[in-house]
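Kindly generate the complete structure, drawing on both the sequences and the hints.
Here the protein sequences come in this chain order: A and B.
Whatever position you read off the first sequence (first residue = 1), add 70 for the numbering used here.
Whatever position you read off the second sequence (first residue = 1), add 4 for the numbering used here.
Among the clues, some could well be false.
[Claimed, not checked] Think about it this way: if two alpha-carbon atoms lie no more than 30 Å apart in a straight line, the pair counts; the simulated DSS-like pairs of lysine-lysine are: (1) A/Lys372 to B/Lys153; (2) B/Lys93 to B/Lys132; (3) B/Lys153 to A/Lys245; (4) B/Lys132 to A/Lys370; (5) B/Lys36 to B/Lys93; (6) A/Lys372 to B/Lys84; (7) A/Lys167 to B/Lys36.
Calculated directly from the structure, the hints in this document are not laboratory data.
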Amino acid sequence: MDKKTFLPVIDLKWIVISIAVATLISFTVLPMLYLIFRSIVVDGVINIENYREVYNNIVNFSAFVNTFKISITVTAVSLLISFPLAWLVGRTDLPAKGFFRTLFVATYMIPPYVGAIAWIQLLNPRVGYMNVYLQKLFNLSAAPFDIYSFSGLVWCLTLFYSPFAFITISRALEKMDPTLEEASRVSGATPFETLYRVTLPLMFPSILAGGVLVFIGVASAFGIPAIVGMPAKIEVLTTRIVTYVYMGTGKGIREATALAVSLMLVANAILYFMTYILGKKDYVTIGGKSMRPNLVELGKWKWPITAIVGAYGLVSVFIPLASILVTSMLKSLSRPVSFDNLTFEKWLAVVDNSQYMETLSNSFITASIAATAATLIALFVAYLLVKTHAKGRRIPDSLATLGGATPSIVIALALIITFSGEFGLNLYSTLGILIVAYMVKYLTMAVRTIAASLSQVHSSLEEAALNSGANWLRSLKDILLPLIAPSIVAGWFLVFMPSFYELTMSIILYGSKTKTIGVLLYELQTYADPQDASVLAVVVLTIVLLGNIILRKISKGNVGI
Amino acid sequence: MWESKYVNQNKGDLVVAEVKIQSVTKMFGEVKAVNDFNAVIADGEFVSILGPSGCGKTTMLRMIAGFERATYGEIYIGDKLVSSSQANKFVPPEDRNIGMVFQSYAVWPHMNVFDNVAYPLKIKKYSKQQIMEKTTRALELVHLEAFSKRLPNQLSGGQQQRVALARALVGEPRLLLLDEPLSNLDAKLRESMRFEIKELQKQLGITVIYVTHDQAEAMAMSDRIIVMNQGVIQQSDMPEFVYESPANQIVADFIGLVNFIPAEVSAENIILPSINHILYSPGYRAGKALLAVRPEHIVMTTAENIGVSGTLLHKFYLGDSIDCRVAVKKEIIRVIGKASVYQHFQSGDEVTLQFEKIMVFPQD
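Structure below.
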């Protein structure tokens, strides 16, 4: 064979991959390093002056403590709820398991701030629907619940972040070799002895991993703490960071960087803690041929448990959604809910509002571009990871994971200080900076999905194409892409949807012409018109629902937010 | 060293482990995974359930263990009714006092070897001293006493298999169920484990039900083989009978190698149109049939002898034997014989075949 035709094939592959990697490094690692640099360098010298100044302010210090307190409480409650639910769905004869499984992960695809809006409508101490109803029902002198409190905040966060734990635990439970439990039963152990002597210890690593996901998710959350916590005067790191950025001064930004680095440290510390513990206790429990677990019969407990689980689903998913829908259709917010107080007028007004529609289109454009670019990069990152043996092939994937694991607010702040012209690139207040932020944060979703499907394609298929005379790009186009097409579309949606309704990063990255739907909803709810917020929330929920339906169709039920 | 056969310390437990399976059917939706299974497995007997994958053998075993509920029928272990569709009775696996070994071993990765084996005793609340003694004895039985502090991930597949075996035996069950226990091991280890399991069974005198798709394994170990296909028992016999006189075409095909030739049976003869040959062989029922001849029951000689004439197409040298393909009219017949006998034949040679032993399966 002629050498000249062979060499460029190799080169092309590496050029394409290098471009993907270079993009990743410049938008992920460099901004974060620069953020750390800015937080510890004041007037050209390395010192901790910034941190001292920030934490001398009692509000910031208590925000730090609150972040810890809230994250730990929510994590604990989430695990206490999620393990039993995962076990009930995965290992017992609970009826309608498919329905319950979907229900328990439903809040995962609802934007958290929409949930916060719903729960304020329901548990507002003065006019919350649920409060008013319960007050009447039990003839109480005062509202039984106040959403604007520590427990209200924990309640709301638990509903929206516990699916992280539920998903992790039930996936591990599904993959676990059921004969490990059967061996215990045949040894004489009852189902419950088996649960706590075999299942629970074996699930420990996954329970821990689920807990860490919840902890980091809650510590990085902005929507719920801002909408529920701030009116209750409960500040957390994310809300303080946004407040400082909004000051718009150099000092404000500087103090924000110190808080952001603190948040990053908290998240990383938890991650390392988990890796350390898991390093000692990582079991391989996958295997066996009978993957149909022996189902524990709940017997006389079957219907009481079903009722409790059903009530949880009703309260956590259906009631909040109904509340949003009803609020969006009320003629008058001050009159009670009844059929003659319902109308579609508000919906028409919202559709007619050109400012709202422009915001929606901003979100569509940024999310689409971010999803397309991320999918493209993810394809090369996943290829490098799964299909090559190059040294450092895991680096781009780790970078993507790093972006996903970094609190959104930290990414956004790092991008602001890095791309405001300081290094010759000024993206400030453009759609561009939003796109970059979404890409950095959600790239890992696309990489995971595409890598999983790439690893199912045996490399001999690609080798056969090369052997038949196709070059690398041609074999990619003719062989690999058609085989993994569903995962590429799924990866696109997995980036598009969270980008579309993103709030935490958008709130400090948007400019006067680049407002996004998340920011608009937050502003309407907090300052202007909560009813318009409800109408727009219905729009967002509809789009998310459609996206998920498409996603499930494409991946045949394997992928969904 | 083990407790003698009919003494059992667990009060109330069965002493004789005869397993009686009466008209057991298992439905998965519309599919009959096991169809009207009837068998009595005597105390101390080693019985294999043999069949291709998906034939229902594992489902049957799991019903005996209590992991699946029979849709119809009754199962007795000893004189205890453990599963009955009519009486709506079902004893859960933990109350059946059975030892079981799984294909994937199911050794718990979070416990060391000792704790894995001691688990059934801990569950039954034995004293510390008894646990120590019995577990140590069970480990000695499988030659793992030196490994008791190891974690499963520090053991080879064969060692994990022994842990599973020790755990299944430690509670001194009268009945041991084995679900393809050797199929994840390499060929050499598999053969030595066959021997060890058989020895253990003889030594302890327990009843064993062994599920496998490997006929050599079933032949070597069993007192009796139950051949299953598509949920139905095809034959239940001693290994030599299953091989020498298979009950039907399916068993003949599944156990060992066989040539099938279409046949017309008349009062005294078997007519084989496809190879243009007639065998004088009275006593078979007249009508359409299938003649089955095992390759090792055919003698291949040179062309001048009397018999079925054909042409040697290929011969494959297998070390101790030679595997030949002989074209006879429209059929290709497989012949296997000693290498020393067949080595002088060449491809293309005209040969004569003589059938030493035949089986006839009626087709209508």
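Let me make sure I understand: some of the numbered hints might not hold for this structure. Which ones are they, in numerical order? 1, 2 and 4
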